[in-house]
Amino acid sequence: MRGEKRGILARRVLLPLFPVLCGIAALCVGRMGVTPADLGRSVLGHLTGGELPSGLIELTLWRVRLPRILLAMLTGAGLSVSGCAFQSLFSNPLATPDTLGVASGASFGAALGILIGLPLIGVEGMAMLFGVAAVLLTTLAGQGRGGLSGVVLAGIMMGSLFNALVSLVKYTADTETQLPAITYWLMGSLGSANWSELALGAPPILIGVTVLLLLRWRLNLLPLTDEEAKAAGVNIRLLRTVTVIAATLCTASCVSMCGQVGWVGLLIPHICRMQFGSNHLRLLPASVFLGAGFLVIVDTAARTVTASEIPISILTAMIGAPFFIFLMRRSEGWQL
Amino acid sequence: MKLTAEQASFSYRNGEPVIRDLNFTAESGEVTAILGPNGAGKTTLIKCLMGFLRWTTGRSLLDGRDVRTIPEKEFLSRVSYVPQAKGSRLSITAEEMILLGVTGRIGVFSTPGKAEREFVRSLADSLGIAGLLPKKCTEMSGGEGQMVLIARALAAKPALLVLDEPESNLDFRNQLIVLETLTRLAKEGMAVIFNTHYPEHALTRASKALLLAKNGETVCGPVDEVVTEDNIRSAFGVEASIREFDGGQKGILPLRLTKESSI
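Residue numbers (numbering that gives the first Met the number 0), protein chains in the order written: chain L, 0 to 335; chain B, 0 to 262.
There's no promise every hint is true.
Lysine-lysine pairs mimicking DSS-like chemistry, simulated, CA-CA at most 25 Å apart [stated by the list, open to error]:
id	chain 1	residue 1	chain 2	residue 2
1	B	K113	L	K4
2	B	K249	L	K4
3	B	K249	B	K186
4	B	K134	L	K4
The following residues of chain L were derived to be distant from chain B, with all beta-carbon distances above 12 Å [to be verified]:
id	residue
5	R5
6	L20
7	L69
8	L178
9	L205
10	A306
11	F322
Everything labelled a hint here was simulated from the structure, so no lab data went into it.
All C-beta atoms in this analysis are idealised placements derived from N, C-alpha and C, irrespective of residue type, glycine included.
Working from the sequences, and respecting the hints, build out all of it.
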């Protein structure tokens with residue numbers, strides 16, 4: 000019983016606090032020296048109308064770091080929840096948010112946008128557009144007798160098709176300016192974060208995450224067979240469609256703002272499955288909080304460890320893979 | 000509660016009919032057994048009865064209403080289904096697995112609350128599996144898993160329970176546990192239909208039997224008239240002997256293959 004109480008404490012209190020604490024800590028970390036005292040003074044100043052720290056610190060805190068931290072939280076949460084939903088949907092522990100080709104499609108859209116010289120907002124719009132289009136094409140191609148495995152296969156095909164198109168764009172791109180821009184975009188960065196970008200990119204993620212969170216009990220039915228799910232009185236086709244749409248909205252928006260952020264959608268859901276079990280009632284909220292906190296930590300490392308920024312996908316893999324192997328060996332292994 | 004099939008036939012696309020001109024009725028308080036050799040289409044028949052597959056011709060009626068006119072949700076709130084328990088189970092607890100059965104009764108965005116959890120607890124109690132509730136489905140034996148699936152189907156509070164080979168792959172004791180459960184549910188007023196590979200289980204547990212032959216023809220009626228040595232010979236190609244034991248219980252012993260039967 001005491002163990003159970005500790006479990007509830009961890010789940011209900013510590014988990015939601017985790018991303019918040021990570022975020023507050025990340026506000027005080029970076030090349031521009033901001034101490035926790037500065038942060039405290041600034042918050043107090045804004046609340047009471049009292050004295051504020053210097054303008055540079057204000058700018059760093061609220062115009063540079065906070066939007067970036069929020070973007071990291073949203074992306075971490077969005078990718079984790081999407082990965083979680085796709086693993087259950089396809090009954091496949093290797094499924095990621097990209098299983099239906101959304102990230103490959105988005106990458107092509109972004110590369111194309113850079114090639115034709117669109118401004119950043121246009122590049123992100125193209126990424127979102129092609130990400131959604133790739134998933135649409137995948138579901139159209141995969142429908143039919145093969146069932147869900149047919150869709151997964153179609154997703155692999157669509158992914159490789161769009162990856163080939165990305166290579167084609169890179170090949171034709173100007174090697175002095177465009178090629179590096181495309182390459183850096185593909186490696187992923189949260190450096191472009193600002194409030195106006197968040198205003199556009201956050202709603203799809205928030206909507207996707209909210210829908211999946213609201214449906215979290217029903218998501219437990221996803222790994223069952225059609226007949227079993229129907230017998231439980233659930234319209235399984237509708238549930239699957241809504242899941243795909245919500246996860247795609249999330250992922251496409253994340254990728255369009257940050258580029259490819261690998262591993263989060265695989266790593267976080269499995270860590271949560273090992274720690275909190277496979278019931279989505281607990282699994283999904285846990286993935287949201289852990290994913291949000293994890294990406295804040297990784298992004299903070301990305302912008303502070305070296306003088307120039309490290310692409311985030313490199314860090315998620317370098318931190319994620321060993322940690323995951325460690326966890327997998329310590330627990331019962333991975334299962335759905 | 001009464002489920003009727005009228006002149007019902009089913010064939011897969013461009014194929015020979017799997018089921019031909021089936022007429023039968025399952026009623027409250029009755030256990031109906033569906034028998035037939037491997038590949039005869041027992042599972043197909045069950046899927047047709049459940050509405051997962053559509054009859055090619057003919058129809059099913061639920062209490063006199065054509066099933067196609069009943070909204071799926073309403074139909075499935077009265078008729079529940081227990082699939083063949085094989086392989087990949089989820090690593091969730093038995094309690095959570097059984098709770099999935101109430102999903103159709105709660106709102107789309109809701110999660111099962113205290114009332115549902117208590118209902119599942121008393122349901123498990125009545126099935127004698129309360130001790131299993133905290134156990135993970137991946138760590139269960141075949142018999143335990145089957146009872147959990149039955150409980151999940153019962154959690155939808157059906158009037159008709161349809162089971163696909165509920166006692167396959169189970170040992171003697173677990174077979175009896177499952178069969179006793181079916182008998183008891185029928186006594187309490189539920190209609191029960193189950194697929195089985197064991198003519199003996201039909202003979203000892205069911206009041207009605209439906210024998211499905213490889214060519215899609217069916218024999219349906221009171222179990223004593225359907226499960227006979229003659230019918231077993233023609234449907235399974237097996238010489239069998241039906242005997243009565245001292246207590247009046249019947250048993251079937253398969254003796255040998257018939258001469259004309261081929262594999």
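Verification of the hints:
1. B:K113 - L:K4: holds (18 Å)
2. B:K249 - L:K4: Outside the cut-off at roughly 54 Å; violated.
3. B:K249 - B:K186: holds (20 Å)
4. B:K134 - L:K4: With a Cα-Cα distance of about 19 Å, the restraint between K134 of chain B and K4 of chain L holds, given a limit of 25 Å.
5. R5: holds (17 Å)
6. L20: Holds, because the least Cβ-Cβ distance between L20 of chain L and chain B comes to about 27 Å, which exceeds 12 Å.
7. L69: L69 of chain L clear of chain B: closest Cβ-Cβ about 26 Å, beyond 12 Å.
8. L178: With a cut-off of 12 Å, L178 of chain L remains clear of chain B, as the shortest Cβ separation is near 46 Å.
9. L205: holds (16 Å)
10. A306: Nearest chain B Cβ is 45 Å from A306 of chain L, so the label holds.
11. F322: holds (21 Å)
Comparing the model with each numbered hint stated earlier shows that hint 2 is the single one that does not hold.
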